[in-house]
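**Student:** Below are the chains, spelled out letter by letter.
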Amino acid sequence: MTSYISTLSIASSLRQSVLQMQSQLASSETEMATGHYADIGLTLGAQTGETVSLEAEQSFLQTITDTNQTIGTRLSTTENVLSNLQSSAQSLLNSLIGGSGTGSNASTIQASATNSLQLLISSLNTSVNGEYIFAGTNTANPPITNYYAQGSTNKAAVDGAFLATFGFPQTSSSVSSISGADMQSFLNTQFAPLFQGASWSGDWSSATNQTLTNQISEGQTAATSVSANSTAFEQLAQAYTMIADLGTQNLNASAYAAITGTAQGLLTSAISNLTDMQANVGLTQSNITNATSQMSLEMNILSTQVDNLQNVNPYEVSTRVSDLQTQIETSYSLTAQLQHLSLVGYL
Amino acid sequence: VTFTQTSTYTASTVGNAVYVDGVPITGSSAAMPSLSGNIVGLANLRDQITVTYQAQLDNVAGALITTFAESDQNGTGPNLPGLFTTAGASSLPSSITGLAGQIEVNPTVDPNQGGNPSLLRDGGISGNPNYVYNKSGDAGYQGRLSQLLANLSAAQTFSPAGGIATNSSLSGYASASVSWLEAQRSTAASQSTYQSTLLNTATTALSNATGVNLNNEMSKMLDLENSYSATAKLLSTIDGLFGTLLTDLGNLPA
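So the protein sequences, as listed, match chains F and L. Just so you know, the numbering used here puts the end of the first sequence at 347, numbered straight through with nothing missing. Just so you know, the numbering used here puts the end of the second sequence at 1254, numbered straight through with nothing missing.
Looking from chain F toward chain L, a few residues come up when the C-beta cut is under 7 angstroms (computed):
no.	residue
1	Tyr4
2	Gly45
3	Val52
4	Asn138
Where chain F lies over chain L, by a calculated footprint (3+ residues, C-beta under 8 angstroms):
no.	stretch
5	1133-1146
6	1172-1184
Just so you know, these hints were derived from the structure itself, not from any lab. We treat Cβ as the ideally placed atom computed from N, Cα and C, and that holds for glycine.
Take the sequences, apply the hints, and build the full model.
**Tutor:** Written as structure tokens, this is what we have:
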């Protein structure tokens, strides 16, 4: 017995398959153009969550990498400032050692200390992207009070202590009467505390002791700034102010020797503290560089994973597209032939 | 077939069943539920899939609100909503049902609504000064932000109504939810392809069984025509024969 096929079946079978192939062609064209599946969710099913979390992870790492760039800028600025301060402290120390004991070049040394103090203040008030980098976490405000500004608290505190101890201001010509022992005692007991603890944070600095802490990679945090409250800066400010603003040029030889001797000690210690800080900053910088390059590797791996899940093989898709084209064309020509394939035409 | 429409849907509304001759054929009360077809598919979507997905979205919304909640820095008061909240809320939501539709960014943080985005760094979003983390107002304060970051990746407990993991991080839960949805979709799509293939085959079979082939019918008709004309020809021939015979009979000599 021969199988029976209705005229409707002959016509509709081609119609169905042409529709199906055309929709496949549309999605294959999308895949060709974009390089990944036309409908990722539909193709991957339960694996879609994996691509979502891989991409989230990737963008998290990218964010940290971007932050590391900013931190890198901050740290290299810090590094520059520290090395500037160190060389200025070193050159003052050299002139102090060179002219030790003699009051002849006092004015030169005083002028150079004034310059160094101004450099210290402006350096510590350096800002990067609107953030004062030495301010600890109080980054919105410049950390160090300008000693040479009108009515500054730190200048007032120094002046007040001097007046209370000796009974006349630093500018008075009577400073030449101060003995070496009196000056030494003033420096140790009244002057030094002005640069430490509560006096430092009250009169000189609005920085916090807490420095900035950033996440530099997944699960790795690092202190990424230096606070103006570090001992090295207190010592530098103390040594510079001592030479610059205690009437140095008018002192007698023994009082001058007391000042230069104390300042030498402070500068030596400050320079070594600065070196330590520079080493720490350098260490953090290298940690950040390592973390960034490691994260870049991780991001590569993650993006390979995402590509593996989402991407189509372009050769396969292009073969599929040309196959579909051929098939659709065949269907069209078959439809045209079937139309002629009617007995009516032959009667 | 009867069905009463529900015009307003809230998070906890349960849709009405479809009745045939007064007997429900969808929903849990159906004694003899219908198993296939459009109505069953739609009822299933309405009563199960969207309900589960809503539970997942509510879980995510609830977790977001608690993750960003602020604690009393003096340690006495309850936690209050932070970055994410519901409209007019003065405490953390007690139930997560329908949260996904109500969650919003706290207007006190949203600059578009006159809020102050720095509160995200400093705390005190609820307006209560006891909840301020950054007491000194430092611009570089990072303690709260680091805490939020840690909260986001910490494991949390989720309601089992979502039908996926109950203990995972917020982002893990969200990606599991995506997986769940796409897996459902993938299954539905492949079933739909299968059903439409089945429909095609059935339609062809039906058409073959009940439809006709025009050419076949045409050739049958030609057969009939031919036999008709052959018969007619035969009849006219016989008629001629009789005519001839009768004429000839009349001409016979008596």
